[in-house]
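**Student:** Residue strings, one per chain:
2 protein chains.
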Amino acid sequence: MASRAKATIFDIAREAGVSKSTVSLVLQGSGLIRPETAVKVRKAIEDVGYVYNRGAANLRKAHSNVIGMVINDLTNPFFAELAVGMERVFQSAGIVPFIANTAENPVRQEEVLKSLMEQGVAGLIVSPARGTTPGAFRRLEIAGVPIAFAMRRLPESRIPVIAPDNHRGGYLATAHLIGKGHRRLVFFGGSSDLVVYHERLGGFREACETLGIDTRDMLVIEGETSRRGGIACLETALAMAEPPTAALCFNDAVAFGAMLALRKRGLEPGPDFAVVGFDDVVEAEHYMPALTSVAVDSAGLGERAAHVMIKMIQSRTTRAEDHIGAVNLVVRESCGPDRRTRNRSSGGAA
Amino acid sequence: MASRAKATIFDIAREAGVSKSTVSLVLQGSGLIRPETAVKVRKAIEDVGYVYNRGAANLRKAHSNVIGMVINDLTNPFFAELAVGMERVFQSAGIVPFIANTAENPVRQEEVLKSLMEQGVAGLIVSPARGTTPGAFRRLEIAGVPIAFAMRRLPESRIPVIAPDNHRGGYLATAHLIGKGHRRLVFFGGSSDLVVYHERLGGFREACETLGIDTRDMLVIEGETSRRGGIACLETALAMAEPPTAALCFNDAVAFGAMLALRKRGLEPGPDFAVVGFDDVVEAEHYMPALTSVAVDSAGLGERAAHVMIKMIQSRTTRAEDHIGAVNLVVRESCGPDRRTRNRSSGGAA
DNA sequence: CCTAGTAAATGGAACGTTCCAATAAATCAA
DNA sequence: TTGATTTATTGGAACGTTCCATTTACTAGG
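Sequence order for the protein chains is Y and D.
Numbering of the first sequence is given in the numbering used here, commencing with residue 20 and proceeding in unit increments.
Numbering of the second sequence is given in the numbering used here, commencing with residue 20 and proceeding in unit increments.
A couple of the hints might just be wrong.
A pair holds if it fits inside one copy or across any two, identical chains being indistinguishable in the list.
[Unchecked claim] Mimicking SDA-like on lysine to any residue, the simulated pairs with C-alpha atoms at most 25 Å apart in a straight line are: (1) Lys-25 - Pro-153; (2) Lys-283 - Val-350; (3) Lys-59 - Gly-285; (4) Lys-39 - Ile-343; (5) Lys-80 - Gln-110; (6) Lys-39 - Met-136; (7) Lys-330 - Arg-158; (8) Lys-62 - Pro-153; (9) Lys-80 - Phe-29; (10) Lys-283 - Met-307; (11) Lys-283 - Val-70; (12) Lys-133 - Gly-48; (13) Lys-133 - Gly-50; (14) Lys-25 - Thr-56; (15) Lys-62 - Ala-162; (16) Lys-25 - Ile-329.
No lab work stands behind these hints, which were simulated from the structure alone.
Sequences are here, hints too, so could you generate the full structure?
**Tutor:** Shown next as structure tokens:
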């Protein structure tokens, strides 16, 4: 019904008895027009039910004010937080952020990127989908659109990255476990197609080596990065001849899975087998037992990424420095008391 | 660097030795042009690094192919699922869905809606922020943009709604508790500014009345819709002179909170106090004890909403029928065994 | 009273597409 | 051969803005 031909600045101009140029000036808040005129125009804008056509405007203006955030998995609160963090700063900078989800699917990612480009975004922040091919961003780079990676990076890309210090996180968590007296450790979950995996695992390895863990006591079990993956990892670990007594998990989901599996076997996460997670999602705090985890502050990283992007846009460059966010280990209950005190009461974890 | 003036169809035309109109036709996949010509043009498109300018196109075309999804809280996996479900069907319909988050803030919602309108969306699916004023969508309605509400509705709006059968969900869950032998029940969490609250509570009330629960044994404790809210509700309930023995919670977060609080008091959720959640988020299944909850299939509702929107756009109407999605109670462990058998072992829950 | 100078408002061209009407080339019926 | 028909291609106007160069109306200085 109500949809008569959309009102344009010409309609406003007629209604207010001025020229289209004047209306345009008012729309842009120019100080050149007489206040009374502005008021008159603004009233006309209301009256005709005008809605600004940004597409038409962008045809003349060099830059649009929308930026795209491409997220690999919005269903994961960890990445949702990232998006929300970015959104916060963009919003307050007068930039309109649009979020698109790729569901960890490179093909979908390609489509989404194409759409965003066609929409004329001023910039793009991407948490790339698993399995993204190295060339996926070439077209965007040659188009000269500012791009930044958040949270994840691609192996040999020159695109700036805003990510947590995964290596250090892995180190800190492992050092904590070793400090508790554990001498046979395992890294649970993740797979080598993800750069993040190598980083976290790298921290684990370095801690083990630096703090005197025998190489044969430093186990690695790959697996899905989900609860189910965690369950599987734990089963595998406990089936070993000499099972480990502590695990650093690729992420919290894996850790939850591992704890679940422990419980199912009648073992208590913490006293019987130490578990550390990664990411520190909200759930970690509320779990039973509360999960010790490496906090990466995804919302904060999102904010940082947004600031970087804004700077890139303003300075019309497509380059920026990487930002590596600080991490810190949040110690809760899932690692139990120090292992020395435990030795008295019972043997190994199997 | 690479950012020389953006290539247009004129550049392609020159490169391919045809007219701009021919290029346009190729771009639209028209069958009118000779295949060889099309090939030639497509090659030129590649060569000049062309990116389609949808804004310019929309200036002439009546309708755009982007639709906006406005979500109240992306951080909540429940709503994220909804968004992802919608995305799935839009994507396969060749429509580009952009997600925007309002963080439960009506002001932000207003801004987001404005932006989306200016961007020229073909339609809008909204899960309105808490506290949205009734008039918030008037401007969009008079602009003639198709809108649908998903998951939540506004009190007296004529905008079509796609939502779960909250009333029935409340009824089913309550009937389950009563079937277990509980006679003094409480509804935990939520507040009356949310239509959903009234619906779920309505189901609770109806079940109590129908199944012979005394009005004085039908308690209601409002509270935040979060873990913390659940904790508070439980404290309040157990502080009563005659505490209830079972709770239907507004959502799963409240239920988790309640269970946490029970544990803290040394009570076991299930045997000592029955808890039912609402929404059936993934966590519910993995909790300890696993949470009995009303499953609403948010992804499915999202898909449904997307289909409704597509139909609205195609038929150029702004009206559509409401869709009420089926719910079902997923029984797990958080309600314990039947209360009759329990009576032998111990007394009330306080 | 004229000239500068400032403030406010305006007309026209441009942005990159689509679509219509028109043209050009090729095919066919007679 | 001619005119009609089909097939492939094309130029021009339009879409709703912005921005530049002008115009118009005042004010002030001499």
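**Student:** Which of the stated hints cannot be reconciled with the structure, identified by number in ascending sequence?
**Tutor:** 3, 4 and 11
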